[in-house]
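> Protein chains in written order, with the numbering used here: chain A, 159 to 440; chain B, 145 to 558; chain C, -11 to 275.
Treat the hints with care, as some may be off.
The calculated label-pair distances, taken between Cβ atoms and stated as ranges, are [to be verified]:
no.	chain 1	residue 1	chain 2	residue 2	range
1	C	254	A	271	24 to 30 Å
2	A	277	C	84	36 to 42 Å
3	B	505	A	306	38 to 44 Å
4	A	227	C	62	44 to 50 Å
5	B	384	C	62	58 to 64 Å
6	C	126	B	431	44 to 50 Å
7	A	426	C	66	55 to 61 Å
8	C	66	B	398	27 to 33 Å
9	C	126	A	235	35 to 41 Å
Negatives, chain C to chain A, calculated, CB over 12 Å [claimed, not checked]:
no.	residue
10	1
11	9
12	55
13	114
14	125
15	133
16	137
Short, incomplete list of chain B residues facing chain C, as computed with Cβ under 8 Å [as the list claims (entries may be wrong)]:
no.	residue
17	259
18	283
19	355
20	396
21	546
22	554
23	557
24	558
Bear in mind the hints are in silico, worked out from the structure with no lab data behind them.
Bear in mind that the values here come from a model prediction, so they are computed numbers and not experimental data.
From the three backbone atoms N, C-alpha and C, an ideal C-beta is built for every residue, glycine too.
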Amino acid sequence: MTAQTLQRQVAEEAPAPVRPRRRISGTGLMHAYTWILIAWLVLPIAVMIAFGFNDTPGRYNQTWQGFTVKWYGRLFEYEELTGALVLSLVIAVVSSVGATALGTGIGYALGRYRFRGSGALNLVMFAAIASPELILGASLLSLFVSLGVGPGVVTITIAHIMFSIAFVATVVRARVVTLDRSLEEAAADLGATPWTAFWKVTFPIILPAVFSGLLLAFALSIDDFVVTQFTAGTTTTFPLWIWGATRIGIPPQVNVMGTLIFVGGVLIAVLANVRSRRAQRD
Amino acid sequence: MSASNIPDPALLRGLTSRRFGRRDALRLSGLSALGLALAACGVEGKGKPAASVAPDAVAKFWAGKTKNGHVDFASWPLYMDPKKPELAKFTAKTKITVKYQEVIQEMGPWFAKVQPQLSAGQSIGYDLMVITNSFQFSQFRDSGFLAPLDLSKMPNFAKNAAEAYKKEAFDPGNQFSVPWTSGITGIAYDRKKTGRDITKLADLWDPAFKGHIGMMSDTQELGNFGLMAVGVDPAKSTEDDWKKAAARLKEQKPLVRKYYDQSYIDALGQGEVWLTQAWSGDVFQKNVSDGTDFKFVVPEEGGTIWTDNMTIPITAKNPVDAIELMDFFYDVEIAASLAEYISYVCPVPAAQEQIGKDAAKRSGDDRKAMEKIATSPLVFPSQADYANLHYYVSFDVVAKQQAYQKIFEPIVLG
Amino acid sequence: MSLFRRRLAPYLLVLPGGVWLLLFFAIPMITMLSLSLQQGDIVSGYRFTGHWQTYLDSVEAYHTQLVRSLVYGAIASLAMAVLAFPVAYWIAFHGGKRKPTYLFLILLPFFVSFVLRTISWRQILTDEGPVLHPLRELGLVSASFHLIGTPFAVIAGLVYNFLPFMVLPIYVALERIDPRVVEAARDLYAGPATAFRRVIFPLALPGVFAGVLLTFVPASSDYVNSSVLGSSDTTMIGQVIQAQYLQNSDYPTASALSFVLMAVLLIGIFAYARLLGTEDVMKVAAR
Chain A
159 MTAQTLQRQV
169 AEEAPAPVRP
179 RRRISGTGLM
189 HAYTWILIAW
199 LVLPIAVMIA
209 FGFNDTPGRY
219 NQTWQGFTVK
229 WYGRLFEYEE
239 LTGALVLSLV
249 IAVVSSVGAT
259 ALGTGIGYAL
269 GRYRFRGSGA
279 LNLVMFAAIA
289 SPELILGASL
299 LSLFVSLGVG
309 PGVVTITIAH
319 IMFSIAFVAT
329 VVRARVVTLD
339 RSLEEAAADL
349 GATPWTAFWK
359 VTFPIILPAV
369 FSGLLLAFAL
379 SIDDFVVTQF
389 TAGTTTTFPL
399 WIWGATRIGI
409 PPQVNVMGTL
419 IFVGGVLIAV
429 LANVRSRRAQ
439 RD
Chain B
145 MSASNIPDPA
155 LLRGLTSRRF
165 GRRDALRLSG
175 LSALGLALAA
185 CGVEGKGKPA
195 ASVAPDAVAK
205 FWAGKTKNGH
215 VDFASWPLYM
225 DPKKPELAKF
235 TAKTKITVKY
245 QEVIQEMGPW
255 FAKVQPQLSA
265 GQSIGYDLMV
275 ITNSFQFSQF
285 RDSGFLAPLD
295 LSKMPNFAKN
305 AAEAYKKEAF
315 DPGNQFSVPW
325 TSGITGIAYD
335 RKKTGRDITK
345 LADLWDPAFK
355 GHIGMMSDTQ
365 ELGNFGLMAV
375 GVDPAKSTED
385 DWKKAAARLK
395 EQKPLVRKYY
405 DQSYIDALGQ
415 GEVWLTQAWS
425 GDVFQKNVSD
435 GTDFKFVVPE
445 EGGTIWTDNM
455 TIPITAKNPV
465 DAIELMDFFY
475 DVEIAASLAE
485 YISYVCPVPA
495 AQEQIGKDAA
505 KRSGDDRKAM
515 EKIATSPLVF
525 PSQADYANLH
535 YYVSFDVVAK
545 QQAYQKIFEP
555 IVLG
Chain C
-11 MSLFRRRLAP
-1 YLLVLPGGVW
9 LLLFFAIPMI
19 TMLSLSLQQG
29 DIVSGYRFTG
39 HWQTYLDSVE
49 AYHTQLVRSL
59 VYGAIASLAM
69 AVLAFPVAYW
79 IAFHGGKRKP
89 TYLFLILLPF
99 FVSFVLRTIS
109 WRQILTDEGP
119 VLHPLRELGL
129 VSASFHLIGT
139 PFAVIAGLVY
149 NFLPFMVLPI
159 YVALERIDPR
169 VVEAARDLYA
179 GPATAFRRVI
189 FPLALPGVFA
199 GVLLTFVPAS
209 SDYVNSSVLG
219 SSDTTMIGQV
229 IQAQYLQNSD
239 YPTASALSFV
249 LMAVLLIGIF
259 AYARLLGTED
269 VMKVAAR
């Protein structure tokens, strides 16, 4: 669930004006507490960003030694790190597209139809989302080992698609459930086949949700560590590289890349949010 | 990670509602299918323990292999000068490019990582890898994961390597490996923090250092120290001895800060540990690169000696280039250059003289440092030094290795 | 014909994704089960022998870690519930127009890699780091005091990494509370504290329970936090499973432990759902 879908939920439901409450000092305390908690949540991010500007001589980026932006220029100094990042991006793109393609169908079916096996399917969705990543990764490794398939880029991508399908399906289902059927019916009345009605009427409406699902799958994939570690073999993705580097020392380039990914993600989320708000106003 | 994990009501209904009779019947047949599926699974083993090389295996492997101009080299941290002068010289001489990656930290994880790929006949992305003569070496060899070496392609090795390295117990006749370096496991410590000299294994059990002692997480390293601490020669140890050693190590647990892979050197540098089980060369290098003054000592009760070896994985894409690189490291000057930096036991005796010559050309601190290396028993041990050094415990049957693992592992895994 | 196609439509839509999940979610569980009943070694291969003693052996060897993981998970979930509730409450009732913003801020950590977040905490809490160094200089803590390597650091890490999973369900539950219900309570002379205790909190409880469900499972099976922030004394079952798969190649033990962990967690979840009555949880979950 992204902030975007949350925000839509908020907008769609209670048109809540500020509720008058008489919690005097209680409110103030909670207000302060909320901000303290947010600050605590943001602290490691701030540290990560800050140490991307640390003027450290070597690979040990531990004590603050002065401000510099040079790492932003020397971003691709470590060949293996750059390679790992690129690989992470490629896998994220492929797996998010795959997961969206496979998951949208499930989400739509679950939201729109009642059919035998939907209960079991819902259960499987829940299980896929709630399962610990450790178990997902371990079971996949068991499968590959039993089949004699070597772990690598392909197995990582397969794994990422697998765990993203359920998330995409959930996001799409939530949107489809609130869909106004009368639009479909109107299209049918105008002579459209179900296929045409779907693509010309329904799909554009649920497209934002599908897109949310895609973004979600992308974010899940690029960040994934546990499942990837089990299915990677000697292949290295960005999180795996960081993990391996903790022993030797994490260079500032990692902080810079983390910062860029963070900023990029935030920008995309904000932009998507703004666009959907504008779309709603229309 | 995502946020929306809120369960769907239908799912929870499905979770908790009863099933109908027809479903039960389906389930039963499903179960029997499951039983069949379970039994059909298995993991292909690739070899038999202690399998020996067929006489024509060497010829068969190397037939038709050509030079491709590139080598992917997997090794351990601190095994080469970061500026990689030796590799630069190699490329200048042969036009073969080398990609050197320090991806190996511990033998167990390395084997577990590459085993599925090698088992499936897939390339692991490396043509040359450095592996220790621990139990995993036998696993690699017995699984058929190592390419048999064509020694005719290695003239430098034949000429310059010490005789002892041509008849090692774990790989007699260098069928699959040639040494990269040998090393000694002893104790590294910060004299300023410990307040006194450390000389014995027993010092690692001293309660005065509680919370600042480091030990290794590799069970073979840990087990060896445990065995020597209870006065047993690892080579002659029995399962009962292992249990005694494990008990002794368990006594030590409350005093130990952490069980490390190679990151102990980092912890020592940060002051997290004051004394730790350590590999000889790492301490030298840390002192040189960070200006620290850590000491290394071979304990009175004994230390461990091991050999890290260059091997070629069976699925290597560029074996011809790899074997040329392997031989290159046995050139006397190159071996000397390596030893000067990594400060581990050098397999080329002539290098000692070479380092002496190089030292004479330098002056001041550089010269002192190099002379130190040339004369150090940690880099060029004498016969007497070897007497106090022991190899890892070796296992003739897999069951014994599994028993050993089960005895020592719980110490590391909490 | 079109009616038939319409009946078939959901199945066709579900087929590709369903097959994928069958192949890579359901079947792997079976292979894992099979592996747990195999014997052998990595060199000569594993064979299926129905050797169920592996389960007993591995639980005997690692029950400490298993129990410890459940305890850490429970403490972390509880801590998260306590920490998250006031925040969720405040955003739900006093967030006004800025609710989405607050929720977005709560989700910010998820834009940074899980590993990187945990490593940043390590940097902050390390022995000579920005937290302990000044404290030590001021003499407030002893020279040998350390945070990294303690259960506190591990649990704090778990709480940090999974907190948003607790905030959101509680927020959703609170958000749904009809303000008129609370007004009715006020009209019946309930003071703010009583209104909270007898009206708001019980209505929010399903959200809390949903949050606990969604945090307890990943927290108990986590191994990253304990690896980065802990020591061998804090070893969790996730680390043991990971080590058996990715360090020792001992697949039977690893698979057996995975199943034991899954079984324990599933039993917990079922007991949980029964205890609450699925009704309440459904109210929260319905989106």
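> Run through the hints listed earlier and report the numbers of any the structure violates, in increasing order.
Those not satisfied are hints 3, 5, 6, 7, 10, 11, 13, 20.
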